[in-house]
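Colleague: Each chain, letter by letter, is given below.
2 protein chains.
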Amino acid sequence: MTTNLPAHPRNLEAALAHIQFLLDKQELVQEVVHKTEMTRHELVENLVERQQTEELRRQINSLHPADIAYVLESLPLERRRRIWELVDGTHDGAVLLEVSDAVRPTLIADMDRAELVDAAEQLETDEIADLVPDLPKDVVPELLEKLNLEDRAQLQSALSFPEGSVGALMDFDIVMVREDVTLDVVLRYLRRRGELPAASNQLMVTDRDGGLRGILPVEALLVHDGEERVADVMIRDPVFFHTNDSASDAAQSFERYDLIVAPVVTVHNRLVGCIKVDAILDLIQEISQKDLLGQAGLSEDVDLFAPVWRAARSRWFWLGLNLVTAFIASRVIGQFEGSIEKIVALAALMPIVASVGGNTGNQTLALMIRGYALRQINPGNFRYLVLKEIAVALVNGMLWGSVMAGITYLLYEQWPLAAIMFAAMVLNLLLAAFAGLLIPAALKAVRQDPALGSSILLTGLTDSMGFLIFLGLATVFLLP
Amino acid sequence: MTTNLPAHPRNLEAALAHIQFLLDKQELVQEVVHKTEMTRHELVENLVERQQTEELRRQINSLHPADIAYVLESLPLERRRRIWELVDGTHDGAVLLEVSDAVRPTLIADMDRAELVDAAEQLETDEIADLVPDLPKDVVPELLEKLNLEDRAQLQSALSFPEGSVGALMDFDIVMVREDVTLDVVLRYLRRRGELPAASNQLMVTDRDGGLRGILPVEALLVHDGEERVADVMIRDPVFFHTNDSASDAAQSFERYDLIVAPVVTVHNRLVGCIKVDAILDLIQEISQKDLLGQAGLSEDVDLFAPVWRAARSRWFWLGLNLVTAFIASRVIGQFEGSIEKIVALAALMPIVASVGGNTGNQTLALMIRGYALRQINPGNFRYLVLKEIAVALVNGMLWGSVMAGITYLLYEQWPLAAIMFAAMVLNLLLAAFAGLLIPAALKAVRQDPALGSSILLTGLTDSMGFLIFLGLATVFLLP
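These protein sequence lines map, in sequence, to chains U and R. Using the numbering used here, read the first sequence as starting at 839 and increasing by one per residue. Using the numbering used here, read the second sequence as starting at 839 and increasing by one per residue.
Treat the hints with care, since some could be wrong.
Label pairs and their calculated CB-CB ranges [what the hints assert, rightly or not]: (1) R/Asp1045 / U/Pro1035: 51 to 59 Å; (2) R/Ala1069 / U/His872: 51 to 59 Å; (3) R/Asp1045 / U/Trp1147: 53 to 61 Å; (4) U/Glu1066 / R/Ala1069: 29 to 37 Å; (5) U/Pro943 / R/Leu982: 51 to 59 Å; (6) U/Val1162 / R/Trp1147: 33 to 41 Å; (7) R/Leu982 / U/Tyr1247: 56 to 64 Å; (8) R/Asn1082 / U/Leu997: 54 to 62 Å; (9) R/Tyr1247 / U/His872: 47 to 55 Å.
The calculated DSS-like cross-link candidates involving lysine-lysine, where the alpha carbons are at most 25 Å apart (straight line), are [claimed, not checked]: (10) U/Lys1128 / U/Lys1282; (11) U/Lys1128 / R/Lys1180; (12) U/Lys863 / U/Lys873; (13) R/Lys1282 / R/Lys1128; (14) R/Lys1180 / U/Lys1180; (15) U/Lys1128 / R/Lys1128; (16) R/Lys1128 / U/Lys1282.
Note that these hints are calculated values from the structure, not bench results. Positions of the beta carbon are idealized from the N, C-alpha and C atoms, including for glycine.
Construct all of the structure, not just a fragment, from the sequences and the given hints.
Modeller: What follows is the structure, given as structure tokens:
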């Protein structure tokens, strides 16, 4: 694992640049061969090409599977295919596991059934379970046949846990010991067993029925006397999880209590596996990317180098929804065309009210979404939050409303118009604060992700209502 | 550490609800005492209040410091103060370390100098360094005086590393061994030393001058024979970092190579400390929250329960910027008031062009920001990305432009107006794609965070240009 690690992302960037340079060179030679049609030089050309291909193969296979995944993710589709063909079969499983969900299918599409079965066979059962959703349907039965009875049972159990549960994230590879043996016995057992599973800084202590009794930190084996019994030095009340706990809850516990490994038990309290910090690290990264891209109306995992048609389609849902909200706002304006015809300045001023409303509403929204994610918001403090956000909206509305009223007066020299600008700003900022508070709370109440689409809903509301408030006030007070 | 862990966030939520309930009860009693002014019953009332306070004290101090921090962060300021007073002095240091940067000053404000020095003294030097920026200036010299020579030197060195560097995140507490000793010698040394530092699944192997030679996984001590020498079983080329490496780069390496601990060396390759996965976990969480809140125009760390005035001020910068861009867009419309007076439908249709442009631009932006964060974008593939995003914008522009042109015809029954709608949508989506590609690239080129403010810049541009393109085309082609 530690050979040829670029280790620092900047070294990895250099490795990617080098591979791109080799690909450029190769394409150049191919172009020359193609253009000159020097068939008699074919032999020589082939030699050059073969040399180049060998250099690429050596380069890519010297990398860690996670780094190979990074290189593949950073290449456009056609180049990605050429590099993927050169990746050694022994890396295939690990690389498939490391690439993002969006890129995996583009690699799997280039593999035949035998290659896929071989790749999957290199992995642990919990890792295979992560691949299965992307594998062609006819590969899975063949794969199941090749596994031994225990692995097959584990794979089937791993597949049965819903996405986002601790069970789906868990690792089956644990070392179990009994509490009534001495540390020397444990040490002899470990020595016979050989290498420990990665990141196992603790052994699991179980009773005869597989019930979790505690954990034994590996360091206890080092610093305590070998005559002592496991029961005397183990930790009796470790943090543990149930298979059906939410994975993001587990992530919060890992962060809070600085965990490295934690046992996972079934509903009947039988120990079935463990959850490790490296899986948690990947999960947190995945969630944060999902939030970042999701806010912009992109699905959780997007291939930066997806083909145009696929990329375009992946953005349709939110674009369509955005078009609907924009259309509604447009119809609101349409109702006031008579007023705009009479006072055309309204057309120029109305987007300001809408835009500032959307912006302040999104600030409240972001605070609420984070508050829910950290579980800081509950019935006991919700009222306080509402009062506070309304007060903030009032302060900001009065302040920035005054600024805008002043500017409106400077531009149009009409005090009534400036007053309406002020009133509309205050009202739309209040409305935006309510929307920012209530949209995530409502989504939460119906058990949806409070972040999902909330920004588009909010902006739709503050746009339409901003236009309605501003044009409505103007129609009532400014027109005869 | 493992006593009374709520462990699951839902248990923690319950603990918070219980504390809120106790606070409610306490406030109720105080109110009754106040209202009835029963001075002769003072004694009894005091008894009730004292009991309640004791129950609160017991409840809060039974929690893990990270959980106390969570409770404090979830309470409005006045209640937060009351609970903070009840927290046992022995937890103070750990709690101050755990609370978010926005909440810490509200706690420190309630402590006197002696309490602060006591709290800081409970911590490791690298932890003290994290607190120092928030401590009153007169506390630091007193604190330095109380430390021994080695700790003082460590603290000063920790304070010298810039924020966001590996040095600022590193831990000084490492166990070093020499490569020429046997494993038995190491074992005897560890036994004499007692407990290992938390999360130390590996020992550092150094030469006589403190140069890093390799790492010795703790499990090697368990599974190898005691006669073997450290040099024979150690890992010679571990992933390591320099103190001046960027912390977020280190986080990517931790995620990629599933690291738990990694050595940190100076520019002269002398081992000075290590970086641990729990610090990385906190860092990733912090970065992702900064991204989430930063996009909405909130600074990286915000106290959900900040007082109104402070909360309002924290949102001014981006609100002000937003007002400027909205004002510019408004002036663009102002230039076309003559056209709008003649064709008032323009006023109703123009926000659609602006809104869809902003939305698609933000999609490209989010992809680019993620691509830069993962270091996937380089000169070798930037041209491909530009071509792809332009093509996607063209496809989406033609498609949704046609939809909107159709709707425009249905509403206003004017083919020329529908044609202008189509052309404006295509052009503004193309412009939005360019802006989404170039704004983060430009910020990156001047060594700024490509995410910072890019969404506000982009929306400002797509709004103004959307209005300009649509109203400009209409003026040229529809007006006599």
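Colleague: Are the hints correct? Go through all of them and say.
Modeller: Consistency of the hints with the structure:
1. R/Asp1045 / U/Pro1035: 51 to 59 Å: Cβ of R/Asp1045 to Cβ of U/Pro1035: about 31 Å, so the range 51 to 59 Å is violated.
2. R/Ala1069 / U/His872: 51 to 59 Å: Holds - the Cβ-Cβ distance for R/Ala1069 and U/His872, about 55 Å, lies within 51 to 59 Å.
3. R/Asp1045 / U/Trp1147: 53 to 61 Å: With Cβ atoms ~58 Å apart, the hint holds.
4. U/Glu1066 / R/Ala1069: 29 to 37 Å: For U/Glu1066 and R/Ala1069 the Cβ distance comes to about 31 Å; the hint holds.
5. U/Pro943 / R/Leu982: 51 to 59 Å: holds, 58 Å
6. U/Val1162 / R/Trp1147: 33 to 41 Å: Roughly 38 Å apart at Cβ, these two residues keep to the hinted range, so it holds.
7. R/Leu982 / U/Tyr1247: 56 to 64 Å: holds, 57 Å
8. R/Asn1082 / U/Leu997: 54 to 62 Å: violated, 46 Å
9. R/Tyr1247 / U/His872: 47 to 55 Å: holds, 49 Å
10. U/Lys1128 / U/Lys1282: holds, 18 Å
11. U/Lys1128 / R/Lys1180: violated, 46 Å
12. U/Lys863 / U/Lys873: holds, 15 Å
13. R/Lys1282 / R/Lys1128: holds, 18 Å
14. R/Lys1180 / U/Lys1180: Given that 25 Å is the threshold and the Cα spacing comes to 11 Å, the pair holds.
15. U/Lys1128 / R/Lys1128: holds, 15 Å
16. R/Lys1128 / U/Lys1282: holds, 22 Å
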